[in-house]
Amino acid sequence: MRITVTVDGTAYTDDVEPRLLLVHYLREVVGKTGTVVGCDTSNCGSCTVHLDGRSVKSCSVLAVQADGREVTTVEGLARDGELHPVQRAFHDNHALQCGFCTPGMIMQAIDLLADDPDPDERAVRHGLEGNLCRCTGYQNIVRAVRDAAHRMRPGAGPEAERVAGQMVGGE
Amino acid sequence: MIPAAFDYLVPSTVDEAVRLLADAGEEAKIIAGGQSLIPVLRLRLADPGKLIDLGRIPELRGIRDDGDAIVIGAMTTHYDVQRDPLVHDHASLLRLATDTVADPQVRHQGTLGGAVVHADPAGDLLAPVLALDAELVVCGMDGRRSVAAKDFFVDYFTTALRPEEILVEVRIPKHTGWGAHYEKFNRVAQAWSIVAVAATVRAENGVITDARVALTNMSSIPVRAHAVEAALIGGPASPGAITSAAAHAAEGTRPTSDTNADSTYRQHLARVLTSRALTAAVGA
Ligand SMILES: Cc1cc2nc3c(=O)[nH]c(=O)nc-3n(C[C@H](O)[C@H](O)[C@H](O)COP(=O)(O)OP(=O)(O)OC[C@H]3O[C@@H](n4cnc5c(N)ncnc54)[C@H](O)[C@@H]3O)c2cc1C
Ligand code: FES
Ligand code: FES
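Residue numbers (full-length UniProt numbering), protein chains in the order written: chain A, 1 to 171; chain B, 1 to 284.
These aren't lab readings, by the way, just hints derived from the structure by calculation.
Derived Cβ-Cβ restraints for the label pairs, each shown as a range: (1) A/Q139 - B/D47: 37 to 45 Å; (2) A/Q139 - B/R19: 48 to 56 Å; (3) A/D120 - B/R64: 30 to 38 Å; (4) A/D120 - B/G62: 29 to 37 Å; (5) A/E17 - B/E16: 22 to 30 Å; (6) A/H150 - B/R162: 52 to 60 Å; (7) A/T4 - B/A160: 36 to 44 Å; (8) B/R64 - A/R153: 31 to 39 Å.
Note that the Cβ used here is the ideal one computed from N, Cα and C, for glycine as well.
When you get a sec, could you build the whole thing from the sequences and use the hints?
Below you can see the structure in the form of structure tokens.
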């Protein structure tokens, strides 16, 4: 089946098998290997991307379900060599050890901040409940998300993905 | 893992979906949000030859006011249910239960209709649908029919939906002003309910005038705790009355034993969680 998906601002048109998972489409067809696969059971969240601005586990979405829609991956967050504030906060707060869960954590943290620009510790833990960190670095992850919230105010989430007023992936 | 190959069909109306399903016969499966189905396909526990995607049928999505009921399209996501003002005002039990389903990513994709048809005994939306006396509107080649929630759930992962039918919408009588609470017991984040209790209560001047209580994972299907309801109605909305009513919660149940909990422990949980759920519902 022929699909067109906008990934990190660029439209891609490809012939894919219906059974191709979105995460494999992103990694193997588009080449966005920043998004990783950590489990076979839809539990770990390391594959989290945004589909039309909302977080999803890309291992649990078919590429054909994303036809005509916009995907943002962790690779689409930086602007002109500047890390996204959530990326920067993860770096500054040592919120990663091996880093495998980090792309998913960052994408879900941005989604959380879109709905709740200043979450308390509980809200952060709850908002990240679909993301597992095997290195158990949750303390610093929570700290990083709250730090990012303070840096980003006002206008977290999808707003922070905009460049000069334009939605990434738009146009 | 990677699912086995299938053909993928994308109808744009309910009629077209039903026709495709009838033509395809046994080998076809509906896909809604895919949050239960795709994991199953990935593990190759199912291998349908055809998938019919309901995701591009606008009429299946959204929530509307229909007089004495609210009507939720089968393809409405958990996320949209959580934020809808009609659900908030008239079926708050459903909203509170939806808040406990899975995690944010799954709630963005998963749908109310998918959860209801999947009919996992540990699923959190079955008990609220039962407690709220919802009607499930389904559509086949012969048109639409409506099935009461109490007749819809038949067994583990089995509903009254016929193979050539799809679920179109969930009709919930308005429970405006009722207090509600969903008390879920599980061990870790994003885990399924070991037992959970859905309670919604109407109280006037400190007296309980109406009550609905349903239990999650106390049987192969969600069950109403009628004895609890009967004990509550007409009595005071007091801690003592709630505790003695909740003592009836496990009556007539024969829950399963598994690695999470044995049958007696589940019955104990049902009583304790019913008491908690009612206390919160009355306070709300
Ligand atoms: C990590 C994880 C944790 C979860 N935790 C919970 C939890 O704690 N509590 C809980 O309740 N659920 C949980 N779920 C399941 C979640 O609620 C699913 O969203 C839901 O069960 C299925 O909805 P769906 O739209 O994704 O359906 P799908 O997966 O697309 O479909 C499920 C089944 O229903 C059928 N179907 C779907 N829609 C229709 C229709 N309109 N007509 C006819 N047949 C239809 C499909 O053929 C399929 O058999 C979890 C899922 C995951 C991945
Ligand atoms: S790889 Fe998607 S949830 Fe684990
Ligand atoms: S940093 Fe290693 S899994 Fe989270």
